[in-house]
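Using the sequences and the accompanying hints, generate a full structural model.
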Amino acid sequence: MTYQARQQATSEVLVDDDKVRVTRWDFDPGAETRWHRHGMDYVVTTVTPCSFLLEEPGGGVRRVDMAAGLAYRRDEGVEHNVVNAGDKPMSFVEVELKA
0 MTYQARQQAT SEVLVDDDKV RVTRWDFDPG AETRWHRHGM DYVVTTVTPC
50 SFLLEEPGGG VRRVDMAAGL AYRRDEGVEH NVVNAGDKPM SFVEVELKA
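Each residue of the sequence shown is one higher than the one before, counting from 0 in numbering that gives the first Met the number 0.
Hint data in this document are derived by calculation from the structure and do not stem from the laboratory.
Ideal placement from N, C-alpha and C gives every residue a C-beta, glycine not left out.
Hints are supplied without guarantee of correctness; some may be wrong.
Label pairs and their computed distance ranges (CB to CB) [to be verified]: (1) E11 with K87: 17 to 25 angstroms; (2) R5 with V46: 15 to 23 angstroms; (3) V77 with R23: 14 to 22 angstroms; (4) V12 with E78: 18 to 26 angstroms; (5) G59 with D17: 33 to 41 angstroms; (6) G57 with D15: 29 to 37 angstroms; (7) L69 with R36: 18 to 26 angstroms; (8) G29 with G58: 16 to 24 angstroms; (9) A70 with E11: 14 to 22 angstroms; (10) A98 with G59: 26 to 34 angstroms.
Here you go:
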C-alpha cells in the first residue's frame, strides 16, 4: 500500500500579544494540521460547518461534526492531528490563552 501525504491546512495568526494568540485555520477537504501538542489552554470557534476527524495518540480516531458558530474549550497538553473529513472546505478560529 502506498501512503499519500495529505494537504496541509493553512493558518493565519490574526492576533499575537501577551494575553492571547488568535489563529484562523482553513482546510480543503482532506487537509490536516499535522500532529501537534497544544502548549496552552485554547478555545475553538467554528466559522463554517466542520467535520473534524481527530487522530489521537495510540491510534485512536474519532469524528466530530459541528455547525458554524459553535465553540469548545480544551486544556493545555492536547495532542492530535486534525483532518477535514468533510467534502467541503472548513474553517475555524483558535484562541490560545497565554495568561
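Status of the hints after comparison with the structure:
no.	hint	verdict
1	E11 with K87: 17 to 25 angstroms	20 angstroms, holds
2	R5 with V46: 15 to 23 angstroms	21 angstroms, holds
3	V77 with R23: 14 to 22 angstroms	19 angstroms, holds
4	V12 with E78: 18 to 26 angstroms	21 angstroms, holds
5	G59 with D17: 33 to 41 angstroms	35 angstroms, holds
6	G57 with D15: 29 to 37 angstroms	32 angstroms, holds
7	L69 with R36: 18 to 26 angstroms	24 angstroms, holds
8	G29 with G58: 16 to 24 angstroms	20 angstroms, holds
9	A70 with E11: 14 to 22 angstroms	19 angstroms, holds
10	A98 with G59: 26 to 34 angstroms	31 angstroms, holds
In this structure, none of the earlier numbered hints is contradicted; all agree with it.
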